[in-house]
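Model the full structure from these sequences, guided by the hints.
2 protein chains.
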Amino acid sequence: MAAYTLTIHGGAGTILREDMTPELEAAYTRGLQEALDAGYTLLDKGGTALDAVLAATRSLEDCILFNAGRGSVFANDGSQEMDASVMDGKTLMAGAVAAVRHIRNPVDLAYTVMTQSQHVLLIGKGAEDFAALHEIKTEPDEYFFSPFRYEQWKKMQGTNEAALDHNVKVTDKKFGTVGAAACDMHGNIAAATSTGGMTNKQWGRVGDSSVIGAGTYANNKTCAISCTGHGEMFIRAVTAYDVSCLMEYKGLSLQEAMEIVVYDKLMKIDGEGGMVGVDAKGNAAMVFNSEGMYRGMRSSTKISEIKIYK
Amino acid sequence: MAAYTLTIHGGAGTILREDMTPELEAAYTRGLQEALDAGYTLLDKGGTALDAVLAATRSLEDCILFNAGRGSVFANDGSQEMDASVMDGKTLMAGAVAAVRHIRNPVDLAYTVMTQSQHVLLIGKGAEDFAALHEIKTEPDEYFFSPFRYEQWKKMQGTNEAALDHNVKVTDKKFGTVGAAACDMHGNIAAATSTGGMTNKQWGRVGDSSVIGAGTYANNKTCAISCTGHGEMFIRAVTAYDVSCLMEYKGLSLQEAMEIVVYDKLMKIDGEGGMVGVDAKGNAAMVFNSEGMYRGMRSSTKISEIKIYK
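As they're listed, the protein sequences go chains A and B.
Following my numbering from start to finish, the first sequence increments by one per residue and tops out at 393.
Following my numbering from start to finish, the second sequence increments by one per residue and tops out at 393.
In short, the hints are calculated from the structure, not lab data.
You may find that some hints are simply not true.
The list treats identical chains as one, so a pair stands whether inside a single copy or across any two.
Stated by the list, open to error - Below, in silico cross-link-like pairs of lysine-lysine (PhoX-like), each with a Cα-Cα straight-line distance of 20 angstroms or less:
{"hint": "1", "residue 1": "K348", "residue 2": "K333"}
{"hint": "2", "residue 1": "K304", "residue 2": "K333"}
{"hint": "3", "residue 1": "K348", "residue 2": "K304"}
Here's what the structure looks like:
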């Protein structure tokens with residue numbers, strides 16, 4: 084039986100202690116703890132890495148504080164368009180959706196694309212039709228509504244600005260994305276990512292969360308990675324797969340590979356954000372180049388932590 | 084002044100001499116020659132790799148024989164939804180669009196996303212709105228119409244089958260995509276890809292042609308790659324960027340890296356298709372694991388060839 088591990092994130096960016104109230108910090112910590120417990124419980128019972136990342140990501144989607152599923156940000160037309168993806172490191176199977184509305188758990192839809200279609204990426208109305216066919220749970224607009232997100236959007240509505248998460252100040256960036264990477268006791272790994280994208284986003288903008296290789300990647304030979312950050316830069320840097328290549332082709336460890344990608348490759352193109360990852364031996368790492376990243380990790384070797392700031 | 088090179092493709096798959104008439108073969112060859120000339124003329128005058136791949140891809144989109152732009156296949160609702168992407172190896176800037184209708188040259192829209200927006204990937208109606216804002220040329224349905232593609236679709240309409248290009252026989256696969264990779268005399272490289280996707284496709288399916296890292300990638304340090312094939316497998320294998328990583332991290336040549344990805348990595352997951360690529364020294368390669376690939380190459384060192392079969 085190998086060591087098993089789960090690591091999760093709830094977004095990265097300019098997350099500063101001085102901007103946080105004790106109540107809000109406790110709420111974020113609780114949201115992360117619930118997601119960690121949801122996934123880790125499965126791993127502990129002998130469940131698969133794939134089921135664990137789905138459970139953890141689903142829990143983060145359900146938490147109104149994080150920009151994914153319930154509590155997603157508003158696009159410029161007032162709708163909530165969500166992206167998600169999942170990849171199984173054992174089979175290299177992957178599924179992803181982009182710009183879907185009313186789907187309660189976009190990561191479940193990504194999983195259904197992976198398992199019930201011959202495709203990897205479905206978008207928009209077509210993805211919603213596919214969801215209906217497979218009885219994926221939908222919710223009315225009210226379910227996704229968060230007064231906080233709505234206020235953010237109202238401040239930006241009618242402008243050409245788009246913000247990557249909570250903030251209207253562009254200098255104060257938060258990249259609202261959630262995700263998880265896990266290694267199970269059988270030595271299989273998986274990763275999943277989900278997001279509501281940018282506040283006031285327009286033109287059908289899609290970030291890295293539904294791009295396999297950029298926001299999500301998993302391969303038992305190397306690593307499982309879920310990213311959060313300035314999506315455009317993560318797409319251009321093919322971020323998640325780059326970590327895998329550095330491990331496979333240069334023999335680097337998970338931590339070394341993630342540090343090169345996050346501190347060097349991404350920084351060179353002003354790519355702010357971070358990632359969580361595991362390898363098939365149960366090692367985990369959480370690396371970011373922003374002020375903070377909502378994150379947590381728990382492993383069978385007794386490491387358990389939840390952190391927000393540097 | 085460095086050697087300069089252009090290489091193009093018009094799709095790969097079960098392309099057999101016995102299925103071809105002399106007239107059709109001559110028409111395909113003429114289409115490829117025109118695209119090669121359109122791009123190479125620019126390189127010869129000192130133009131950029133980026134301009135050359137755009138010109139070559141635009142020419143292939145305009146040719147009714149290839150499944151991209153004019154002559155795109157029909158989706159299951161009778162519409163023509165197109166995907167395209169472009170990447171500049173000098174700046175690592177990239178642009179892509181998915182599921183756009185009525186855009187005369189989707190590759191030009193991908194270029195406009197790269198240069199006129201802060202985004203990399205725009206999809207559907209949003210991408211079309213962005214196109215209108217930037218006065219990107221549109222055409223009515225009749226422009227894209229090809230009697231041959233329409234007949235294909237009518238044969239499949241109402242079924243749940245989707246074909247990757249011309250054929251209703253699933254055993255006889257053609258992957259209709261066009262693309263180009265170029266190295267200019269300044270040692271800069273670029274790649275572009277465009278497609279109409281699968282005949283009778285549904286559910287908003289998107290393949291690798293609009294996924295940076297999968298269907299298209301360019302980096303002056305390594306290579307510029309444009310792919311054609313079974314898009315789902317190319318996304319899962321992060322095909323184009325894998326060639327780049329094998330060159331950067333293992334020191335392989337362009338030809339060696341492309342052969343590993345196409346013959347080994349892709350074959351292991353039944354990923355049929357191929358790719359064209361260049362490096363920044365003006366070397367070019369065209370590698371495929373299917374029966375044929377419409378392809379061409381021309382370089383300042385006097386190599387010029389157009390081929391269809393193995």
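Hints and how they fare:
Taking CA atoms no more than 20 angstroms apart as the test, K348 paired with K333 passes in both settings, with 15 angstroms inside one copy and 18 angstroms between copies. Taking CA atoms no more than 20 angstroms apart as the test, K304 paired with K333 passes in both settings, with 13 angstroms inside one copy and 17 angstroms between copies. In this assembly of identical chains, the alpha carbons of K348 and K304 lie at most 20 angstroms apart only when taken from different copies (13 angstroms versus 22 angstroms within one copy).
Consistency note: the structure conflicts with none of the earlier hints.
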